[in-house]
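The listed protein sequences derive, respectively, from chains S and X. Numbered according to the working numbering, the first sequence spans residues 1 to 178. Numbered according to the working numbering, the second sequence spans residues 1001 to 1244.
In case anyone wonders, no lab produced these hints; they're calculated from the structure. A virtual CB, placed ideally from N, CA and C, is assigned to each residue, including glycine. Check each hint, because a few of them may be wrong.
To be verified - Some chain S residues well away from chain X (every beta-carbon gap over 10 angstroms; in silico): (1) P44; (2) Q49; (3) P64; (4) I69; (5) A83; (6) R86; (7) Y97; (8) R123.
What the hints assert, rightly or not - Calculated lysine-lysine pairs in the BS3-like style (CA-CA distance at most 27 angstroms, straight line): (9) S:K63 x X:K1070; (10) X:K1105 x S:K63; (11) X:K1076 x X:K1143.
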Amino acid sequence: MTLTGVVGESIGLLSGLILAAEQVAEKAAEESSGGLFDLDATLPVIAIQFLLLVAILNVTFFKPLTQAIDERDNYVRGSLAEAKERLRKSEELARQYGQELAAARRGAQDALLQAQAEANKLRNQQIAAAMAEGQTKVDAAKAEIEQQRQAAAEVLNTEVEVLSQQILRKLLGDLVNA
Amino acid sequence: MMFAAIEVGKHFYWQVGNLKLHGQVLIVSWVVIGVLAIATALASRNPQRVPGGFQNLMEYALEFVQGIAKEQIGAKEYRNWTPFVGSLFLFIFVSNWLGILVPWKLIELPEGELAAPTNDINTTVALALTVSVTYFWAGLSRKGLRYFERYVQPFPVMLPLLVLEDFTKPLSLSFRLFGNILADELVVAVLVLLVPLIVPLPLMVLGLFASAIQALIFATLAASYIGEAMEDHHEEEHGEAQHA
Chain S
1 MTLTGVVGES IGLLSGLILA AEQVAEKAAE ESSGGLFDLD ATLPVIAIQF LLLVAILNVT
61 FFKPLTQAID ERDNYVRGSL AEAKERLRKS EELARQYGQE LAAARRGAQD ALLQAQAEAN
121 KLRNQQIAAA MAEGQTKVDA AKAEIEQQRQ AAAEVLNTEV EVLSQQILRK LLGDLVNA
Chain X
1001 MMFAAIEVGK HFYWQVGNLK LHGQVLIVSW VVIGVLAIAT ALASRNPQRV PGGFQNLMEY
1061 ALEFVQGIAK EQIGAKEYRN WTPFVGSLFL FIFVSNWLGI LVPWKLIELP EGELAAPTND
1121 INTTVALALT VSVTYFWAGL SRKGLRYFER YVQPFPVMLP LLVLEDFTKP LSLSFRLFGN
1181 ILADELVVAV LVLLVPLIVP LPLMVLGLFA SAIQALIFAT LAASYIGEAM EDHHEEEHGE
1241 AQHA
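Please work from the sequences and hints to get the whole structure.
Take a look at the structure:
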């Protein structure tokens, strides 16, 4: 009995609630010309318009500009890689040229040293030869001087002899001849 | 003083069949869509390798919204969702700014007034529901029916809370945007009513700032919901266990 009572009561309550809700809804529908929270067919229209906008912007904005940015990225990355490759190559070349330069320098140094050594040797030889020639000439001159001196001494000796004979003759005169 | 009248909750109704439409919202939304379509088409008509002024600006915008999507969704998946998140940001941003910068009051309507489409609850709810559908779709297309595992993932007790979250997400998204934009417009309108010159200007600048922030918040949250729906929960659990 109590159960049916409760059920009946709750059904009554429920139907009352539903009635009240319907009345509120009707009232709202009557007053719906305006208000901040006036939801109507604008909502789905805006939703559809927005989806349309997504489609439009996808074609006019997102796809082409994303593609442009990606292409630019690829281009920049490619150019960067190429530039790095070129840098590597030029560094390689610079290194190679440096090596060649060093080798050439060393060669030049060697040639210079060799030439200097040769020139020194030649100079020494010539100096030695000149000194030897000078020595022989000095020796020859000395010998000649000696010879001439002896010859002169001989002449002088003979002249001294003659002069002394004459002096003797003059001083002693007849004594000598006598 | 017709410039200074405050009109709240009045709409320029169009009757199509037995459906009612808010004409002022639709007109400005067409302007916004037109501006966006023309601007983007101009910028990408002939893309250059070295971008010139306008292409540069639009590329900046693109990279900005790409950044939002990438941060929230992750570098692996963000490219598929950039158009959606980016369109959300651009639509809300341009709506808000055009609402502030264009002197709509010079165009008189029989009832209501032209303003940012985002100051109408229909627009924000439409965008928020689109976000909801999108993140469900993202999760389902990524994980199939296993997507629903996330409702019972840490503990089955969480189920009601997690289900509730699916309702609070669009609710908070739509009301946050709606409330902020409407409040900005009301504050400016009230100030204009009191002091018509100079004084409202700083608040209008603040409005520009706030509405840009709202666009960013909406797009960021949308991207975050999409990313959340797609993320792998097992991995996350391991990560959390390691953190603990």
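Taking the hints in turn, this is what the structure says about them:
no.	hint	verdict
1	P44	7 angstroms, violated
2	Q49	6 angstroms, violated
3	P64	4 angstroms, violated
4	I69	6 angstroms, violated
5	A83	16 angstroms, holds
6	R86	20 angstroms, holds
7	Y97	36 angstroms, holds
8	R123	71 angstroms, holds
9	S:K63 x X:K1070	16 angstroms, holds
10	X:K1105 x S:K63	37 angstroms, violated
11	X:K1076 x X:K1143	15 angstroms, holds
In terms of the numbered hints stated before, the structure departs from hints 1, 2, 3, 4, 10, listed from lowest to highest.
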